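Go by the hints and put chains B and C onto chain A.
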Amino acid sequence: MNIVRKLALSASMVALCCTAASAANLTVGFSQIGSESGWRAAETSVTKQEAEKRGVTLKFADAQQKQENQIKALRGFIAQGVDAILVAPVVATGWEEVLKEAKEAKIPVVLLDRGVDAPQDLYLTSVASDQVKEGRVAGEWLAKTVGSKDCRVVELQGTVGSTPAINRKKGFEEAIASSKNISIVRSQTGDFTRSKGKEVMEGFLKAENGGKNICAMYAHNDDMAVGAIQAIKDAGLKPGTDILVVSIDAVPDIFAAMMKGEANATVELTPNMAGPAFDALDAYLKSGKQPAKFIITESKLYTPADDPKGEYERRKGLGY
Amino acid sequence: MRRLSLSDIAKPQLLALAFILVLNWMVFPGFFNVTWQDGRLFGSLIDVINRGAPVAILAIGMTAIIATRGVDLSVGAVMAVAGAVAATSAVAGQPLIVTLAGALLVGLACGLWNGSLVAFLGIQPFVATLVLMVAGRGVAQLITEGSIVTFSDPALIFVGTGSVLGLPMPAVIALILMIAAHLVMRRTAIGLFVEAIGTNLSAANYTGLRARTVILGLYAFGGCCAALAGVIAAADIRGADANNAGLWLELDAILAVVIGGTSLLGGRFSIPMSVLGAVIIQAMNTGILVSGLPPEFNLIVKASVIILILVMQSDRVAEVVSRRFGRMTTRGK
Amino acid sequence: MTTDNEVVLEARGIIKTFGNHAALKGVDISFRRGEVHALLGENGAGKSTLIKIVTGAYIPDGGTIHLEGQPVSFATPQQAQSLGIGTVYQEVNLLPNMTVSDNLFIGRQPTSAGIVNRKATDEMAREVLSRYGLDIDVRAELSTYSVAVQQIVAIARAVELSGKVLILDEPTASLDRHEVDKLFQIIRTLKARGLAIVFITHFLDQVFELSDRVTVLRNGSLIGSERIDALNRTSLVRMMLGKDLVQHHHTPVEGQAEGGETLMTVRQLGLTGKVQPIDLEIRKGEVVGVAGLLGSGRTEMARLMFGIDIADSGGLHIDGRERVVRSAREAVDLGFGFCPEDRKADGIFGDLSVRENIVIAMQARLGWFKALNRDEQMEIAGNFIEALDIRTASADLPVKLLSGGNQQKVILARWLATDPRFLILDEPTRGIDVGAHAEIVRMISRLREDGLALVVISSELDEIVSYSSRVVVMRDRTLVAELEGADITPSKIVQSIAGQAGEPVAEVTA
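Chains as they are written, first to last, in our numbering: chain A, 1 to 320; chain B, 1 to 333; chain C, 1 to 510.
Hints listed in this document are in silico derivations from the structure and should not be mistaken for laboratory results.
No experiment lies behind these values; they were computed from the predicted model shown.
Where hints are given, some of them may not hold.
[Unchecked claim] Distance condition first, Cα-Cα at most 25 Å in a straight line; then the derived PhoX-like pairs of lysine-lysine:
#1 K286(A) to K103(A)
#2 K170(A) to K149(A)
#3 K212(A) to K149(A)
#4 K400(C) to K11(B)
#5 K300(A) to K260(A)
#6 K169(A) to K302(B)
[To be verified] Listing some non-contacts, in silico: residues in chain B with all C-beta distances to chain C over 12 Å:
#7 W248
#8 V258
#9 K302
#10 L308
Positions of the beta carbon are idealized from the N, C-alpha and C atoms, including for glycine.
Chain A on its own, in the form it takes in the complex (with noise of 0.2 Å):
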């Protein structure tokens, strides 16, 4: 065992010494969900992009949202013998046997997006964003915007006992928790989807006075804001004016209803994990530099004052 572990480590030292241009050459599995939303999508080609940018050569996997096709490709870039993989483990348990296998293999796995029950020293690291973390900066924008005046929030959750709802809904709580004056209205499902969202918004509205009792919608996510948008709109008021619109995600089309003044902040929830995990797993192949276990990425708001149109144009060809 011991003998086998220093030549391991003797080959990655070979290997070190000989391919000095940092990451290029590394071959690098991913194993992605699948396509189950726009924002997938885009983190598939943003790590396309990220690993062409680092001259890494990218084996993708789509696992049609199904766990064992993921552990299938996981063997299989095991057996092929990559540098590292990178998973987007589509449920949290049943993970450690093929964690295991490449452990053994001796190729790191990384983490996207979402975590899973195994101990921590199967995986190099997780890449995810604090969702806890996008609801507060939701919730803390929308404090300072309304100052000291009263405001009725209505709020678009996600899947009833989805991980991202109830993270959001929690931040956002806390954000505002101190603000007497902001109060959370109504909240109910919109299931993530444009449709579900624009039903639910004509609900509320109804239900409010005509919309006239509420000062602002907060949406779990981008694409229940621009269903919700479209029931404010029908219902005679002017979103972001009437009704301020704050969100979670950063997909193209909020960008392009802040471009008419319709949406007025959106949380970043970036398509970007691959380009973090592939800095981590440079480093650590490079010179052996373990990094953090959860590596968290920005949460950055966006409002109408950051380019709006720039940022639409830059997210258009992702494939949201």
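Same frame as chain A, but now just chains B and C:
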């Protein structure tokens, strides 16, 4: 002319709808307020018929299929495909007529595919339509390349959000389709043939009915209805969302048909009652939205109300009720 | 036999109403230990309703039931069963894909430590069945045995489970003579053991052969309950029908066999593996009776003529041209009609109204777009309901609520509404009561007189003899004989079916 008797008015579905509307009014007193705004009617009741329209349209197509002991699980996926086709067509700058024709043709093709599997290959409808239910959404994703294809063609958007005489366009479309489908079923012999096929397929064959042709036609019509619903759903949000458009709506459509009193075992059917079923479901959804109830209760509330409605409809309950109130009715006569 | 035995089960003043239809109007009946009690009545008289009430399947709207003197009310069939009342239905309701011993003991197999003891179960099953004179492999699937064996297993199960009253609902309907004898032997043994046995049948012979007491129901009312020795055939039939029935129609049809004009000629019509090529001339104003045992190819021949199955040899010569009927649809367009053997499975649309059942074939012929409106449908249905004396409370009643005989008339009306030239009737009188039976037979003769060409398949030789102008006999998928005039007698037909008359007497009418 037959006099309208008490039992005609006291259909359990109408009672259920009245019950839900009253319940909505109790949790939200403004429920029945309808105002005129920007050239159209505005209010929760309008939301009910507007939001209920896609499921109603699916149910219109599904009713006769279920009456032949069939089912079409693929309608939700067909909605997504048709929406994707319509959106890409609108983005490509095609006029509305081309966009609509394209989407409906795709729906027709899907329906013919389902109908052929059922009528000519004899595959069980559940299995036959499951194929497209799974594959259809994949096809839609291929068309939209995984993203939401947004469009701004005002004509197409009008289909989803416009209004005629103050009424929302989707509801107008659903109403016209319901009347047309009902007339076609009842003014021609097709309705009778459908009920005969659903009651006893073998006897229908012995009687010289073209059962296979009828079944094929019904699935084709169901596909077209799904496509229409898909166009409306896409036009409503000005975009084709392949991942979510029509998701699980096949189940709502089946439920609407069942609430409307058409048995899953085939036979008698009524398209207007299925539409009423769709309205009942939506009245419940809208009621939940205006009630301010936490979303964790949505499904529990829905399930309880549906169970209540189905219990009200069951023969056994009807028997008990008529026995308990039998004396009253006889005296009333 | 002269003293009445002790009453086990007694029902008094039983009332049951379905909607507006009174199925039972206060019926009294009592079943005695060690007695075979025949329950008779036309279809629709209320027999099955009464049985369902005393077995707990229906809850009566009025009346009382006493079991061994104690008042009881059964909420479920299981409850009735556990109190001693076992039932064997016409369609044996066992589990065909389980073993014989499982069927006998399901739910109460001997267990050790919670695990079913197969060996003990099988041993018990063998022991029980031996009492019924049955020595079979109890570990084989039930479905591998004949209906007769299945019936005995069902009886054994019912007796083992219940043991006081055994109700047999038309147990002999699908048995041959030998099997019937065996069944009767078992019933006599059970009677000697002191069971009260209720026996529902259409066969008067069997009533006189087996029963000690007869109860007759008509239109939901009790007509009478008598000891069998107080009755004769005529008095029994009179009780059932409320009128005397002409019992025998042995006069052969007048020799008009040559008279009719040829409607069509069947030429070498056959289907490999089903029917050997057949030649047959069908004339207007003639009934061609088809005799033969089940599986002789008689129904299969009819299906070929009507396009249910498609012939792979020969065809029909009609309207001056040769053709093969490829679908029922084509047959209907040719002016054919077909009343199939299995009324329930292939004939009636149970949930649809009598009116719709009558107009449907006509509507199919008219096509999708020339729809008959409600008034037209009412007119047509009303005419046929009157003409064929279909007994229904209204034309809008679901046809499944009608008795078997009336359902058969509805199917007949369905075809007559299409104004056919040729009608095929497959077992038109099977499973219908004596009164309707006679009416159907009369109707067949009337249609013949009206100039229709008919092919009537029947197992009832007396019946065939009474209305046929010619009789063809099928055996082993082959048309083996064609009898005319004086040759049409039950004995000649039996000879042909049995193949005892030396050479087959097939006469090909060219």
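Structure-based check of each hint:
Using a Cα cut-off of 25 Å, the hinted pair K286(A) and K103(A) holds, with the two alpha carbons roughly 18 Å apart. Proposed proximity of K170(A) and K149(A) is supported: the alpha carbons are some 22 Å apart, at most 25 Å. Between K212(A) and K149(A) the CA atoms are separated by roughly 15 Å; this keeps the pair inside 25 Å, and the hint holds. A distance of roughly 24 Å separates the Cα atoms of K400(C) and K11(B); the hinted pair therefore holds under the 25 Å criterion.
Distance check on the hinted pair: K300(A) and K260(A) sit about 21 Å apart at the alpha-carbon level, within 25 Å; holds. As the CA atoms of K169(A) and K302(B) are separated by approximately 24 Å, the hinted pair is consistent with the 25 Å bound. Consistency note on W248(B): stated as away from chain C, and its beta-carbon is indeed over 12 Å from all of that chain's, at 31 Å minimum. With 12 Å as the threshold on Cβ separation, the claim that V258(B) sits away from chain C holds: the shortest Cβ distance comes to roughly 16 Å.
In this structure K302(B) is separated from chain C by more than 12 Å, as the shortest Cβ-Cβ distance comes to about 30 Å. Residue-level check passed: L308(B) sits 25 Å from the nearest beta carbon of chain C, beyond 12 Å.
Consistency with the previously given hints is maintained throughout, with no hint failing.
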